[in-house]
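Each chain is listed here by its residues.
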Amino acid sequence: EDQVTQSPEALRLQEGESSSLNCSYTVSGLRGLFWYRQDPGKGPEFLFTLYSAGEEKEKERLKATLTKKESFLHITAPKPEDSATYLCAVDKETSGSRLTFGEGTQLTVNP
Amino acid sequence: NAGVTQTPKFRILKIGQSMTLQCAQDMNHNYMYWYRQDPGMGLKLIYYSVGAGITDKGEVPNGYNVSRSTTEDFPLRLELAAPSQTSVYFCASSKGDRGGGNQPQHFGDGTRLSIL
Chain D
9 EDQVTQSPEA LRLQEGESSS LNCSYTVSGL RGLFWYRQDP GKGPEFLFTL
59 YSAGEEKEKE RLKATLTKKE SFLHITAPKP EDSATYLCAV DKETSGSRLT
109 FGEGTQLTVN P
Chain L
415 NAGVTQTPKF RILKIGQSMT LQCAQDMNHN YMYWYRQDPG MGLKLIYYSV
465 GAGITDKGEV PNGYNVSRST TEDFPLRLEL AAPSQTSVYF CASSKGDRGG
515 GNQPQHFGDG TRLSIL
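Protein chains in written order, with the working numbering: chain D, 9 to 119; chain L, 415 to 530.
Just chain L, with the same shape it has in the complex:
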């Protein structure tokens, strides 16, 4: 019963490097989300998707890109890593509710990213 799987769990990048954070869910959820969580802070929404081929910006999208080619996968791309992107990144998914009202989001265990 995998749920939401994020890889890698830890990563150290140098300034200016690029990388992709992977997220996969096996619950056939339509909605997927990427958040970042800085120490002592809440979750800030980076990007989200309501279905394959559809993505939209959240609160803090600058410096990131996403794609959603399948229902299961929602990778997050950092093109030019900056120290301000040091954070813990969480991917989440939910059934969504097109009739209004969101279903609970299910989270992965995060990717801890340090940019040095």
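Same shape as in the complex, but just chain D:
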């Protein structure tokens, strides 16, 4: 059965304390993996798409990487404004126009 699992469920960091969020997947025929940021009371906001193992993308303090089994969202020297829930979603060959979302990691960065 296809699964998308994010860990940890929640993460508390001090400002400037770098860390990583994990998204592991067990789908066959991966076409792409998406990362989103969701602020309280808002809809998810697109961050990155990764298509193949070894690919990396960066945006400000965030860097996303992809292997054949998982993706990491690395957060370097986070700031309080990075606090949000981070969602990953996978697109596979047999899913047509649908994505499968993980349950998210709630990140809190304390000043």
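Derived Cβ-Cβ restraints for the label pairs, each shown as a range:
1. Thr116/D <-> Asp470/L: 36 to 42 Å
2. Asp470/L <-> Lys50/D: 25 to 31 Å
3. Asp440/L <-> Glu64/D: 29 to 35 Å
4. Ile468/L <-> Thr84/D: 39 to 45 Å
5. Met441/L <-> Lys71/D: 24 to 30 Å
6. Ala61/D <-> Asp440/L: 34 to 40 Å
7. Ser32/D <-> Ala416/L: 34 to 40 Å
8. Ser481/L <-> Glu68/D: 37 to 43 Å
9. Thr102/D <-> Gly454/L: 26 to 32 Å
10. Lys76/D <-> Met455/L: 25 to 31 Å
11. Thr419/L <-> Lys76/D: 35 to 41 Å
12. Glu89/D <-> Thr419/L: 24 to 30 Å
13. Ile468/L <-> His82/D: 36 to 42 Å
In short, the hints are calculated from the structure, not lab data.
Note that the coordinates shown come from a computational prediction; the quantities given were computed from them, not determined experimentally.
Don't be surprised by glycine CBs; every beta carbon is placed ideally from N, CA and C.
Since the structure of chain D is already known, use the hints to place chain L on it.
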């Protein structure tokens, strides 16, 4: 630059009532989606559409209906509201990709629905 607009933002319904959640996008996207998000959970797909006149069920379609008469609009209908339908509902749209591979989905800010 509106993007995906959802109305209403909040609603309280009584058990058995009906309502329509509205969703409109101005990006000329072919694909549109409805999700529900329960507290601490991920997004569950209710229905989706790959173009006007075409809709299909997602993971959790029971108790809901949709229609897609135009590219811009994708309303979600609850016919007989039940407490289990208390949730936050998100509409999303994307360009889609008929050649294989989906484009990023763009989300509205949600409708918070309580059924009492």
